[in-house]
Amino acid sequence: MALPEFLHDGEVMWQALVDDLRALDGVDVLTLRDCRLPRPAMDKVEIIETEAHRFSEDYRHCLARSDAVWPVAPEEAGILESLNQEILTAGKRLLGCQPDAVRIAASKHATAQRLGRTGIPVVPTYTSPFLMTTKGPVVAKPDEGAGCQDTLYFYNQASAEAWALDEGGAGFVFQPFLSGDPLSLSVLCQPGGCQLLSVNRQHIRLEDGQLHFHGVTPHALPDPDERYAGLAQRVASAIPGLWGYVGIDLIDTESGPVVLEVNPRLTVSYAGLHSMLGFNPAGKVLALPDHPPMSALPPANLTNDTRVARSL
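Numbering-wise, the working numbering puts 265 at position 249 of the sequence shown, and it's gapless, one number per residue.
The hints are simulated quantities; they were obtained by calculation from the structure and are not laboratory data. On a predicted model such as this, the values are computed, not experimentally measured, just so you know. Watch out, some of these pointers could steer you wrong.
Below 30 angstroms or equal to it, Euclidean Cα-Cα: the simulated DSS-like pairs (lysine-lysine) are [to be verified]:
# : residue 1 : residue 2
1 : K300      : K151
2 : K60       : K108
3 : K300      : K108
Restraint-style ranges between C-beta atoms, simulated for each label pair [what the hints assert, rightly or not]:
#  : residue 1 : residue 2 : range
4  : E73       : G152      : 41 to 51 angstroms
5  : T105      : G208      : 22 to 32 angstroms
6  : T105      : A178      : 42 to 52 angstroms
7  : A93       : F146      : 40 to 50 angstroms
8  : F146      : S195      : 18 to 28 angstroms
9  : G299      : A80       : 23 to 33 angstroms
10 : S271      : Q211      : 22 to 32 angstroms
11 : T105      : Q31       : 24 to 34 angstroms
12 : D35       : G246      : 38 to 48 angstroms
13 : G272      : A186      : 41 to 51 angstroms
14 : L181      : P158      : 41 to 51 angstroms
15 : F146      : P54       : 32 to 42 angstroms
16 : S195      : G135      : 17 to 27 angstroms
Heads up, the beta-carbon is just placed ideally off N, CA and C, and yes, glycines get one too.
Using the sequences plus the hints, can you model the full thing?
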């Protein structure tokens, strides 16, 4: 089986997180790692090599030996939600978002519905290009994809419609292309509030009809008027159960920031925060109060409400 396309980003996040955790007093790290990857030698770190067919067994082995678990996994296909639920079921401390919050954030469509209903500026998101009324370019992307994975750019709605007819478009969402600066927010969420850690500049390029991610500059912009901090607070309030490190992707348009998606997990921007901020962000996460037990969030309606009506 081939290694995933996002391997480099995963390696960057894994290395940064492990380095931050092993730098903390009283913390020993037990981590899973794909057996096809090089095995680095690090003190205070025990590495369990694993592969796809035995991942579940190895994960449960590590879970049984741990006091707290910080899952770093893709949201698609319910992977992160299932891992987080298993941590809670085992009675371990979850250093991540509640499963109900992950379920919302895993779907770009569900996220847009949830944020749009609370008045947060969010890109209009449709399950079909035939529901759109835009005159400009259109972006199609997997509803549960990570980053710019399979993100397609069409010069107009008609081209997006033609592609959907030919390819089916199942599992994709369609959004108007917004002009502006692609940014992301690194946020620490906890019950009752959140703290903005940094505003990061994302480097996105259009190449051969697709949008590609070419890295990020952490802590690139200040927030003197706290508009980004205020936006992060509104997002955290709209999706109860966000906890710990959370990433928020947005486009900074002429009329203000517009949310694209919420990442209920570590993002690549985390890798530069320790040196940029002058403190260990992993230590900040460990010091957060645990999320109290919560009832299930209202389910996201993915069938009846086919678009977000908020205009931008």
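Hints violated by the structure (numbers, ascending): Hints 1, 7, 12, 13, 14 and 15 contradicted; others consistent.
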